[in-house]
Amino acid sequence: MIVSAGNGAAAFKLVWATLVNILGTAATASLMRKAARQGAVAYPELEGLVVKRDALDYSYQVPPIWKTTERPPALVHLVRRELFPLLKSLTGDVVVHRLYRVPELTASGYLPSTEVEHA
Amino acid sequence: MPDTVKLERISTGTPALDAVLSGGFPRCSMIVITGEPGAGKTVLALQAVFHAARAGKRCAYFTTLSEPSLKFLRFLQLFRFFDQELFDERIRVHDLGSALRAGDTEAAFRQLTEQVEQWEPELVVIDSFKAIHDLIRAPYKGRTFVYDISVHMAGWGTTTLLVGEYTEEERHRLPEFAVADGIVRLAISRQELASIRELEVHKLRGSSFVSGIHYFDIGADGFRFYPRVRVPDEVMRLQSASTAQVGFGIPGLDELVSGGVLADSSTLVFGSSGTGKTTLALSFLLEGVRRGEPVVMLTLEETLGQLRHNAASVGLDLEAASTKGLLHLSFTPPVELSTDRYLHETRELVARVGAKRLVLDSLTSLGLGVISERRYKELVYALAKSMRALGITLLLTMETAESFGSAQVTGHGLSYSADNLLYLRFVEMDGQLERAISFLKARGLALNSGVHRMTISREGVKVEGDQRFRKARGLLTGLPMQAPLP
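Line by line, the protein sequences give chains A and B. FYI, the numbering for the first sequence is 108 to 226, going by the working numbering. FYI, the numbering for the second sequence is 143 to 628, going by the working numbering.
Please note: incorrect hints may appear among the correct ones.
Stated by the list, open to error - Heads up, simulated DSS-like pairs for lysine-lysine below, C-alpha to C-alpha not over 30 Å straight-line:
1. K213/B to K195/A
2. K195/A to K174/A
3. K141/A to K195/A
4. K519/B to K345/B
5. K213/B to K159/A
6. K604/B to K583/B
7. K141/A to K213/B
8. K195/A to K199/B
9. K120/A to K213/B
10. K613/B to K583/B
Stated by the list, open to error - Negatives, chain A to chain B, calculated, CB over 10 Å:
11. S111
12. N128
13. R140
14. V148
15. G155
16. Y167
17. I172
18. T176
19. P192
20. P219
What the hints assert, rightly or not - Heads up, incomplete: computed chain A residues facing chain B, CB under 10 Å, no partners named:
21. A147
22. D164
23. Y165
Calculated from the structure, these hints are not laboratory results. Glycine residues also receive a C-beta, built at the ideal position from the N, C-alpha and C atoms.
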């Protein structure tokens, strides 16, 4: 059964948790901030994605619209066009493959459908 | 140790290191891999993980607050042992740093044990465990933490590698070293201007291991290990020596030892510069080639081009022997030579080509790379015994400093390592410099210990009885006198 990632906030939480599991919060936060800043040129909505260091940990806030929208275009852009190339350039295919193992993300179209597409 | 309990092993991915550990890390054990930053701890652990994964074992790699996964995953891909396909299928990387950064070691413990229980890996690496320890303030908590991990991992059938950049003082104080079943220390030491990577096994509970310092390099293939050169165990088990004889193929020389030296013996050829040691050694090898034997020449002095040219000038055709595939020549400059590595590679080379004869030219150059005279003697002794175990006839050359009027025939303290001693020197005879040759020792053989004349010409090397040599006295001083008439 194909499971939806839910609204944008839930999908982002899945991406965040998957990356934290392998890279840790510090690296995940850093990559998200960079991806969001680059993506904000095309999708100003991404300026609403706030990732900050809180005491010794990291926390984030997603744009409010993601909580009510399924598959928000800005999030799709963030993951497919900004985060993927960043992960590929820094870690090869290891982390990217970990994301592909999350069925909710692949089913909801957040990830490029083929290796060629994200290459 | 009685063989009542057989310890299964997890390979390190490096056969030579497995041999030092009597087969690898004992299964279900907890091993601390310690060393300064950059010593190679992570590479060693990763190589073991990929090796285990290739063998179908599940492995988990937990990063903490040392080398970030982001960087670690990137650099890892530079090694040839890296295989993307193994990730997630056989190897899972987890970050414990997120829990640890808030100081919550209990949360890290929970994550660790949950992952192990879910995934049931056979090999687990925690890198760096020291980072966890640094967050545990109370000593009793540290010991409990380590103890619980040890028990939990063993209970789930997991072999655990705790990687950490511990200091010498911490190795004596911290509980992981007491609780661990094994301790492997990596270091980088200075040898004059060169840096050398070292590995030492300090402890391996329930298992024998080869003590002392071993050497390794890290390259694109990962961890390349060179065990400390020592007398191989097989030598201890050798019950009998060979009685077959091996000729030099030099007219007049083999007759001095009833047809040749023993097949598994070692011969030290020593003399001053220019006396013909290398030429004699090459003749010995070409005689092997003539008999269809694979032979190896290791030179630390002349480049291969020089060697071929010089050999051709005295009628020795190395090119033809190489073309036949029987003569294997190797030149290594003695500068910055790592002797243990060199001798380890020599053993691999002779085993690979199935060599029957080996020449090392010369011990003098080899000695330049050895840190102490004692170690130098140990190396030569171990080399001689290793070749004996392989059934190879070994010929070593050594240059001696000598002057006319004095004779030094002790072999510089190395003569005890060799079965046979062959001494070359110049003597002044009728106003001409002549070459003299004499067997000083030939273990297990009837020996003609007379001093004989040796000639080198375009026809090669010859040893002959010479009336003048027979009549002279004091030949080994270089300045002989005619014996008084009877």
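Checked hints:
At most 30 Å may separate the alpha-carbon atoms for a hinted pair to count; K213/B and K195/A meet this at roughly 12 Å. Taken as a hint, the K195/A and K174/A pair is honoured in the structure, with Cα atoms around 28 Å apart against an allowance of 30 Å. Restraint check for K141/A and K195/A: the C-alpha separation of about 14 Å stays at or below 30 Å, so the hint holds. For the hint linking K519/B to K345/B, the alpha-carbon distance of about 27 Å falls within 30 Å, and the restraint holds.
At most 30 Å may separate the alpha-carbon atoms for a hinted pair to count; K213/B and K159/A meet this at roughly 21 Å. At most 30 Å may separate the alpha-carbon atoms for a hinted pair to count; K604/B and K583/B meet this at roughly 20 Å. Of the pairs offered as hints, the one joining K141/A and K213/B holds, with about 16 Å between alpha carbons and a cut-off of 30 Å not exceeded. The suggested pairing of K195/A with K199/B holds, with an alpha-carbon distance near 27 Å, which does not exceed 30 Å.
For a cut-off of 30 Å, the pair hint linking K120/A to K213/B stands: about 23 Å separates their Cα positions. Note on K613/B and K583/B: the hinted pairing holds, with a Cα-Cα distance of about 22 Å set against a maximum of 30 Å. For S111/A, the condition that its CB be more than 10 Å from all CB atoms of chain B holds, with the nearest at approximately 23 Å. A Cβ of chain B approaches the Cβ of N128/A within 10 Å, the least distance being about 6 Å, so the stated non-interface status is violated.
The claim that R140/A is not at the interface with chain B holds, since no C-beta of that chain comes within 10 Å of its own (minimum 14 Å). With a least CB separation of 24 Å from chain B, V148/A remains clear of the 10 Å interface cut-off, as annotated. For G155/A, the non-interface assignment is confirmed: its Cβ lies about 24 Å from the closest Cβ of chain B, beyond the 10 Å cut-off. Consistency note on Y167/A: stated as away from chain B, and its beta-carbon is indeed over 10 Å from all of that chain's, at 13 Å minimum.
Annotated as non-interface, I172/A keeps its C-beta farther than 10 Å from every C-beta of chain B; the closest such distance is 28 Å. For T176/A, the non-interface assignment is confirmed: its Cβ lies about 28 Å from the closest Cβ of chain B, beyond the 10 Å cut-off. Every Cβ of chain B is farther than 10 Å from the Cβ of P192/A; the closest lies at roughly 14 Å, confirming the non-interface assignment. With a least beta-carbon separation of about 17 Å from chain B, P219/A lies farther than 10 Å from that chain, consistent with its non-interface assignment.
Hint on A147/A is violated. Least Cβ distance to chain B is approximately 22 Å, over the 10 Å limit. Among the interface hints, the one on D164/A holds; its C-beta lies about 5 Å from the nearest C-beta in chain B, closer than the 10 Å criterion. Of the supplied interface hints, the one on Y165/A holds, with its beta-carbon coming within about 8 Å of a beta-carbon of chain B, less than 10 Å.
In terms of the numbered hints stated before, the structure departs from hints 12 and 21, listed from lowest to highest.
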